[in-house]
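Student: For reference, the chains in residue letters:
Number of protein chains: 4
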Amino acid sequence: MSSMIGNTVRASIFGGSHTEAIGVVLDGLPHGEEIDLTALEQQMARRAPGRDISSTPRKESDTPRILCGLLDGVTTGAPLCLLIENTNTRSKDYSDLKIHPRPGHADYTAYVRYGGHNDIRGGGHFSGRLTACLTAAGAIARQILEKRGIHIGAHALQIGPVQDRRFDPVHVQDEDLMRLSTGYFSLLDPEKEAPMRAVIEEARQALDSVGGVVECAVTGLPAGLGSPMFGGVENELGRALFGIPAVKGVEFGDGFGVAALHGSENNDAFCYDEDGKVKTLTNHAGGILGGITTGMPVVFRCAFKPTPSIAREQQTVDLCKKTDAPLSIHGRHDPCIVPRAIPVVENTAALVLLDMMAGQSML
Amino acid sequence: MSSMIGNTVRASIFGGSHTEAIGVVLDGLPHGEEIDLTALEQQMARRAPGRDISSTPRKESDTPRILCGLLDGVTTGAPLCLLIENTNTRSKDYSDLKIHPRPGHADYTAYVRYGGHNDIRGGGHFSGRLTACLTAAGAIARQILEKRGIHIGAHALQIGPVQDRRFDPVHVQDEDLMRLSTGYFSLLDPEKEAPMRAVIEEARQALDSVGGVVECAVTGLPAGLGSPMFGGVENELGRALFGIPAVKGVEFGDGFGVAALHGSENNDAFCYDEDGKVKTLTNHAGGILGGITTGMPVVFRCAFKPTPSIAREQQTVDLCKKTDAPLSIHGRHDPCIVPRAIPVVENTAALVLLDMMAGQSML
Amino acid sequence: MSSMIGNTVRASIFGGSHTEAIGVVLDGLPHGEEIDLTALEQQMARRAPGRDISSTPRKESDTPRILCGLLDGVTTGAPLCLLIENTNTRSKDYSDLKIHPRPGHADYTAYVRYGGHNDIRGGGHFSGRLTACLTAAGAIARQILEKRGIHIGAHALQIGPVQDRRFDPVHVQDEDLMRLSTGYFSLLDPEKEAPMRAVIEEARQALDSVGGVVECAVTGLPAGLGSPMFGGVENELGRALFGIPAVKGVEFGDGFGVAALHGSENNDAFCYDEDGKVKTLTNHAGGILGGITTGMPVVFRCAFKPTPSIAREQQTVDLCKKTDAPLSIHGRHDPCIVPRAIPVVENTAALVLLDMMAGQSML
Amino acid sequence: MSSMIGNTVRASIFGGSHTEAIGVVLDGLPHGEEIDLTALEQQMARRAPGRDISSTPRKESDTPRILCGLLDGVTTGAPLCLLIENTNTRSKDYSDLKIHPRPGHADYTAYVRYGGHNDIRGGGHFSGRLTACLTAAGAIARQILEKRGIHIGAHALQIGPVQDRRFDPVHVQDEDLMRLSTGYFSLLDPEKEAPMRAVIEEARQALDSVGGVVECAVTGLPAGLGSPMFGGVENELGRALFGIPAVKGVEFGDGFGVAALHGSENNDAFCYDEDGKVKTLTNHAGGILGGITTGMPVVFRCAFKPTPSIAREQQTVDLCKKTDAPLSIHGRHDPCIVPRAIPVVENTAALVLLDMMAGQSML
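Residue numbers (my numbering), protein chains in the order written: chain A, 1 to 363; chain B, 1 to 363; chain C, 1 to 363; chain D, 1 to 363.
Bound-form chain A, shown alone:
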């Protein structure tokens, strides 16, 4: 089930960096939902490369074509297939990689996994290009959630050593999420953009790359979403988020920070708010207890490793000659994928949450 996800709303993702097209089939979408293609394309544009010097200068035609599943802009309930043609593929750049797997990439593991039959061009089905499908699928899911008052926004919490401030997990504002989820290089503190760009530019000039952390928040989720053990929000989001290439860690609420806390610090006291709703005074739990939403904002973070494609010479092996060999990667690569990963994280979360809401008859 490698490229399929979801239980009730199921996504099946296909394509590779240099195949004719990439795309996604969404099976089980609720019917009767109006889909705004402009809003969909807006999300695609946030992920698209080539926006500025911080990202790869490749131009990808990311305009999705919806082949079926919509009639007059409204979901029919039948599977929706969304296709993105790959128009700007320069396969020559990649001819050498099957013999010389790139450090930090899936070249070698895919070679072993698929007996050398994998499509190595541009990383094939392992390419970050596939996040366009996740983004598109999630952008559709997001619209359905937004009509139910659920908002999702993320920001670059960290790039190299520079940190944005964290969400205040008790008081996440819908307006902030709306701003974050429509912008590029989204930040809670816009003053961090300059130093973060400086770190990226420094890496770029050093023929290097740099990692980071994306933090995401979701408001408007009703209490009671999720199921115990393996059907919790953390399980489902965790499984999906680790599907975004380069993610090496996922944490919810205080995450790894809980290790140093006492129960008396970490427990979120319950209280009634002025509207007679149960809330928590703090939100160390990130809106999730026992895998199930509390009704407080859901907050989580994903760690992104630095782009493995760097122009510096690196050491690898020659799988033909069975010797060590130097490698210089040419081509067009992001020195930091975090800015473009922000919409990917948001929309992946939307896809997962829509699936969970649908599965619990909560739409």
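One should not assume that every hint holds.
As the list makes no split between identical chains, a pair holds if one copy fits it or if it spans any two.
What the hints assert, rightly or not - As a list, the in silico BS3-like pairs of lysine-lysine whose alpha-carbon atoms are at most 30 angstroms apart:
no., residue 1, residue 2
1, K147, K279
2, K277, K192
3, K279, K321
4, K322, K192
5, K277, K147
6, K98, K322
7, K98, K192
8, K192, K321
Hints are computed from structural coordinates only; laboratory data are not their basis. Here the structure is a predicted model, which is why all the values come from computation and not from measurement.
Let chain A serve as the given structure and place chains B, C and D on it in line with the hints.
Tutor: Just chains B, C and D, lined up with the frame of chain A:
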């Protein structure tokens, strides 16, 4: 699919803290595998409570009874059902909790999720008691993996402020894993046990609890295990590990540490070792690239929040009167679950990895 | 996923004819549903052997023990595990079968499938005994459906050459279904019982067995249940019904009879009834079009092969000596399983329909 | 999971009769398999309409375009997406059907299921057009099976009152299957073509349609394929075959004929053949015992109802005015779909069997 996990080897977990019994059905186990019940009980004993002052003084009869699936100690290929009777349940302790949900527990979210019909006694199906099922299922899986030379061991990397040293991810030793995976309060540096116990004891005396981090390593996995996107080792382990109560973060390799790294630091150079096998010189990736094993040790960490059950008075709500209310939790609770969580993490990983190996015909 | 079924309400069945116990875990049951254990036991009794000369004289203790998932007789929403101890097992009868596979049984195919490690005693996990689990699971599901006005009843349509009359698929009466679904050897025309019993008795005295057909009807299902392609009522029921040992054919509505019909005969004209509801004037479709219920009664039939265990000498092979060999089966066997299969068909259908209703938020 | 099927090799089917395109994603295909596109197109041609007067005069461009998953004609192991553009769609024919649901079609049930948002044009996602996707997916699967010596062929066993002879289930010949699986209007006894065509022509001239039965056989399957209970060959094939529009019954081996048999007649005696392989002297079981293949030919039959689209005036309802209303269907329709259904049945079986073989590591 909340309490079911796995694609090829599927586990279905049932029971609650105070039900007649808890247990697990394993469907799709490979046939013809000899299961050593003594080794199984050894794993159960590592997780069992009441071993010392650091854990709850409750005594649980954790001896599993295998109802079917084994014949003369060998798996038949039919579903295996393993049952653990709940003999020592004191339901009176919990009578009040449906009205006064415990902060940090699933009481409130389960109440909303199940319309108040959930079994609140001892946390019901959300209880840490259910990790006995995960441990038992994984202990069976582990034996099948060990025959293929795959070893899994974990240790308490952190409890409160005290840290054990990390695995050297390039040179994880099978012997270390064997020692860790048979001991209690496993540590790479045994000298850390005293200060860690001190932190726990301090929390206990303060009617409080404390969190921690478990680090786990797996050796002997062949390169090529896992699939792209959502079928990777990170996705599958991530999904399962977030099913262990109290886990709030999961990371692989350098995990959140990658955010501060450059590509030139984080990329693991490939090389041939003396046996003509492809290795990496470093192992920031934690043995996983593109979701697929590299053949290097797999290393990951889980953050555990402090036990929410603390004896101090806390603030909660009265769901009947719809007012805020104080809460004092009585009963028997672990001031720190990390020591007992170590075997849970290991065995959960075993269950996931066996499922993945079986699914790729790698057994 | 051999012994698991269901998407939203999932059943995991375990055990074998001669294991300590058999049982089923139901994951995803709706919460807050009162379960009447007497009604559950009534269904078990309908399936239990030893009722009269037409069935095996074995006595099985079929009283189920519910280990978890119920609190004060009401579903909690957590997995429900139902256990049936195997008390009356005489393993000696079966010692020879691994070498001499019984014709018509799964002995040989299980031997190949599981490399000889399968539990051959009493047919192991292939035993008709496992239908007790299906019956129990379905008996719980049935109660939830009945509260929504959905009734399920079946009868012996055919045993050997003797036929009961078919359901009138337009006018299936709830009272008939209630009568059928609580009786033993259920028939629409009770006058057929004597000739059917005569056929069975004749077979028994001839050391032989005889096959038959069970016809089942469901009333009260709302229009709109089911999904296109592989998620239709026919797909889901078909998959489950072929899981009842001995079923070799499944048909809906006119079934194989449609082959000889013209469209003008087979099409069911739509009309409004006196209550302003859409109905069909005829019901050749068996209440299902495009996999989705029309709101008319659902009608289907299952063909049961004659019990393969017959006392006559038969020819088989000796898997040790690799020669042909004669075989005489001793022990206690049903000369016709159709009477006991009636409740199995009904309750299996209940399980499937509950799963589908839950998956479409129709409960 | 309505339009997805498979556990290891998973197909996700999308599109409708009048959407831009239809297609299928195959996830989990074995890698390194050469796919012959000419053979694929040959299967598509067998299903394509407009071949002669017995089928609809519509011309559909059924040439599939493979977007990804193949590199130099060899499977890469990544998802394969196959697209078929819908070029010849005349939507005007169908404008009226949402108000006047066609008897025997899914118009009404889809209307209820999807709250009227379903795409009614040409039957939408319920159209027989979707069997092009099944055929294409199965045609790929078939090639992989054929390399392992597995052959699949079907024929029109019955059309109206005319019957072809049945397979001799003990001696199914590979050459027969190869002939059947490459021809059009395949028959075991070619002399039956004329009378069958006469029946179809008679129905056509009477503005009517006629049903039939397709019988299919599979040779070369190893013994041991399938799993007990719900994972058997009968369950998996049954579930998939009921996904072919118009199928109302599925039976294996002697099927419904077993009802009239004694065990002594129905049991297939085991014996060793001259090569020392276990065979059965007869094959009433259709090559399947306990859901698992015996190594004998697998034989099954599907009943197809007469095409519901007939030109005669019929009675239906007006869903707007809520009155009964007459209906005359115009447009182009098959008076009998059985000839075109033959390759659909074969290739659907191929898809299911490949999935099962892959899941048991038998490729």
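Student: Among the hints numbered above, which are violated by the structure, and what are their numbers in rising order?
Tutor: Failing hints, ascending: 2, 4, 7 and 8.
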